[in-house]
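Undergrad: One-letter residues, chain by chain:
2 protein chains.
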Amino acid sequence: MNIQKPYLLFLGDAHDQLAAKVAEGIKQWHPEYCVGQYRMANCHANCQLPDMDIDAAVKAGAKTLVVGVANRGGIISKEWISILTYALESGLDLAAGLHNKLADVPELKALADRLGRSLFDVRHPTQQYPVASGRKRSGKRLLPVGTDCSCGKMYTALAIEKEILARGGKATFRATGQTGILISGSGISVDAVVSDFVSGAVETLAPDNDADHWDIIEGQGSLFHPSFAGVTTGLIHGAQPDALVLCHEPTRTHMRGVDYPVPDILDCMALNLKMAQLTNPKAKFIGISVNTSALDKAEAIALMSSLQQRTGLPVVDPFRQGVGALVDALATL
Amino acid sequence: MNIQKPYLLFLGDAHDQLAAKVAEGIKQWHPEYCVGQYRMANCHANCQLPDMDIDAAVKAGAKTLVVGVANRGGIISKEWISILTYALESGLDLAAGLHNKLADVPELKALADRLGRSLFDVRHPTQQYPVASGRKRSGKRLLPVGTDCSCGKMYTALAIEKEILARGGKATFRATGQTGILISGSGISVDAVVSDFVSGAVETLAPDNDADHWDIIEGQGSLFHPSFAGVTTGLIHGAQPDALVLCHEPTRTHMRGVDYPVPDILDCMALNLKMAQLTNPKAKFIGISVNTSALDKAEAIALMSSLQQRTGLPVVDPFRQGVGALVDALATL
Numbered sequence: 001m002n003i004q005k006p007y008l009l010f011l012g013d014a015h016d017q018l019a020a021k022v023a024e025g026i027k028q029w030h031p032e033y034c035v036g037q038y039r040m041a042n043c044h045a046n047c048q049l050p051d052m053d054i055d056a057a058v059k060a061g062a063k064t065l066v067v068g069v070a071n072r073g074g075i076i077s078k079e080w081i082s083i084l085t086y087a088l089e090s091g092l093d094l095a096a097g098l099h100n101k102l103a104d105v106p107e108l109k110a111l112a113d114r115l116g117r118s119l120f121d122v123r124h125p126t127q128q129y130p131v132a133s134g135r136k137r138s139g140k141r142l143l144p145v146g147t148d149c150s151c152g153k154m155y156t157a158l159a160i161e162k163e164i165l166a167r168g169g170k171a172t173f174r175a176t177g178q179t180g181i182l183i184s185g186s187g188i189s190v191d192a193v194v195s196d197f198v199s200g201a202v203e204t205l206a207p208d209n210d211a212d213h214w215d216i217i218e219g220q221g222s223l224f225h226p227s228f229a230g231v232t233t234g235l236i237h238g239a240q241p242d243a244l245v246l247c248h249e250p251t252r253t254h255m256r257g258v259d260y261p262v263p264d265i266l267d268c269m270a271l272n273l274k275m276a277q278l279t280n281p282k283a284k285f286i287g288i289s290v291n292t293s294a295l296d297k298a299e300a301i302a303l304m305s306s307l308q309q310r311t312g313l314p315v316v317d318p319f320r321q322g323v324g325a326l327v328d329a330l331a332t333l
Numbered sequence: 334m335n336i337q338k339p340y341l342l343f344l345g346d347a348h349d350q351l352a353a354k355v356a357e358g359i360k361q362w363h364p365e366y367c368v369g370q371y372r373m374a375n376c377h378a379n380c381q382l383p384d385m386d387i388d389a390a391v392k393a394g395a396k397t398l399v400v401g402v403a404n405r406g407g408i409i410s411k412e413w414i415s416i417l418t419y420a421l422e423s424g425l426d427l428a429a430g431l432h433n434k435l436a437d438v439p440e441l442k443a444l445a446d447r448l449g450r451s452l453f454d455v456r457h458p459t460q461q462y463p464v465a466s467g468r469k470r471s472g473k474r475l476l477p478v479g480t481d482c483s484c485g486k487m488y489t490a491l492a493i494e495k496e497i498l499a500r501g502g503k504a505t506f507r508a509t510g511q512t513g514i515l516i517s518g519s520g521i522s523v524d525a526v527v528s529d530f531v532s533g534a535v536e537t538l539a540p541d542n543d544a545d546h547w548d549i550i551e552g553q554g555s556l557f558h559p560s561f562a563g564v565t566t567g568l569i570h571g572a573q574p575d576a577l578v579l580c581h582e583p584t585r586t587h588m589r590g591v592d593y594p595v596p597d598i599l600d601c602m603a604l605n606l607k608m609a610q611l612t613n614p615k616a617k618f619i620g621i622s623v624n625t626s627a628l629d630k631a632e633a634i635a636l637m638s639s640l641q642q643r644t645g646l647p648v649v650d651p652f653r654q655g656v657g658a659l660v661d662a663l664a665t666l
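These protein sequence lines are chains F and V, in that order.
Residue numbers for the first sequence follow this note's numbering, so the first one is 1 and each next one is one higher.
Residue numbers for the second sequence follow this note's numbering, so the first one is 334 and each next one is one higher.
The reader is advised that the hints may include incorrect statements.
Only part of the chain F face toward chain V is listed, based on derived beta-carbon distances under 8 Å [stated by the list, open to error]: (1) V231; (2) T233; (3) G234.
In silico lysine to aspartate or glutamate, EDC-like type, Cα no more than 16 Å apart, as pairs [as the list claims (entries may be wrong)]: (4) K607(V) / D264(F); (5) K274(F) / E440(V); (6) K274(F) / D384(V).
What the hints contain is simulated information worked out from the structure, not anything from laboratory work.
Only a predicted model underlies this, so the values are computations on that prediction, with no experimental measurement involved.
Cβ atoms here follow ideal geometry from the backbone N, Cα and C, with glycine treated the same way.
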């Protein structure tokens, strides 16, 4: 899956700013991918990009219209179809990460086939992946893992990629979920891969590379989440991480969507390390990334200091301090 | 997936006895499901059932022709089609666990649709499963786990089901792979389920039950196999086992298909227990099942005695001693 850039971000009829968070993510991490935004008359989101219609976006060089909005239910709205159709007719590919597929809308599928355009349904893998070999690959790999789902793994990975590149190093963010794929333009939605092939898909996603190159692989789920730990296990084994970063949201009272407690930090690190060392015996934790957005500054400092003492590792909130301390720690690997 | 019984076992043109091992498994565990076997002129296997053609099998009450043979590549042979077609025309459903599907053979699909017959491709789930809830279910569950793939988990599970039923207890074998599904007539091939839904599929497979009922869930893979540990993790979490049995093949020098060492028994038990206790804090190992077929009697006794001393648990080879000692241990749970 390799989406042509640059993008026109489609905000559609977003009912609020949160509904456009995929578009916001793309704009935040890769503003250079975005020529403009398309907002319908009743759109209540704004990514602070030039407003463009399809004709203007094509003139500005756009190659793909990216659906950066999720409406309730994650479906493709009927109101969007004429715009998406016109985008295809004007020479754009379409990309979306919704539950139902662009390719399942008959008029879009037929038109794209006739015109030779691509429809990227990034949540739905189209490729077959091999069973994992477990063979050690060249190059280095970092994987954020979490005490829970949705606790900052993608943000941490993108921030680390950016920091390594800013320092002149070699790094590639490897997306494993739909938002990460739309942000970076490629990747594999591993939770939608048939279970036998998850580790193999991740081996494919992060292949042999230069000895000084870092693949920064997006983490998924948590080994302590009763719904998704199998996905996490397959991801860890396929990633063969040299470096692990623990991601944590300190105010969560239970695991996302289920009545299970959040694991203890040290217990969580020990199990992730045990799993990672199967396919890379040298795997080690190099730091902690906490999302302290729900804490005030004094609380955040106290929490981070306590975590630093318990683990002996650098602790950052990537949003407040950046990830410099984590990238510093990679120099020793 | 619920396959109508009894079966006509189709051995086709099996090139040796091993090629018919699925049929052998069905005959071994459920001879009462089998009215007879169908062997083509060049068949080199024999399950010691009455030889029957389709007409005789229908007359004997058969409801389903089960493809109990795997040819090289696991495909549906062209030479079989006229026989399978005649079986459909004669009122039989078809079931197979091959890589390619009965339903992908156009003449079989069209004929089955026209006649209202069912084609069971047991390796390929057709149903959608929910994301796992992690909710504790009523009834009791046992799960065999392994130091490796293919080390006796299905055999152990079937033997335990049989022993509990023979003692007048309540037990149901829950198949999670294609051979187990064909042997028992129902189940879910979990390694073919999309990774996000593996634990949910297993929750569906082994639902709430009587307080004194045992679901004996077929294990898959190994937490120490770099290709399949994600499947194993999802299976363990969905199973919520009260009782774990470690299955082990003592002469294996490396993990199946990969250049990885077989784990230490105690290390393997500790990690499986850690995983199982996430969704069932009371999970415990109740015994060890070893496949000593490659050892002579003295070697087998020495090995089992050593394992018993190291683990403090009953150790059986189900083929040599049966699983009575394991079922005895369930009485305390």
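Undergrad: Taking the hints in turn, state whether each one holds.
TA: We went through each hint and held it up to the structure:
1. Contact between V231(F) and chain V, as hinted, is supported at the beta carbon level, the nearest pair being about 5 Å apart and thus within 8 Å.
2. With 8 Å as the threshold, the beta carbon of T233(F) comes within range of chain V, its nearest partner Cβ sitting at about 4 Å, so the hint holds.
3. For G234(F), the interface hint holds, since its Cβ comes within 8 Å of a Cβ in chain V; the closest pair sits about 3 Å apart.
4. With a C-alpha separation of about 14 Å, the suggested pairing of K607(V) with D264(F) holds against the 16 Å cut-off.
5. For the hint linking K274(F) to E440(V), the alpha-carbon distance of about 51 Å lies beyond 16 Å, and the restraint is violated.
6. For the suggested pair K274(F) and D384(V), the alpha carbons sit about 53 Å apart, so the restraint of at most 16 Å is broken.
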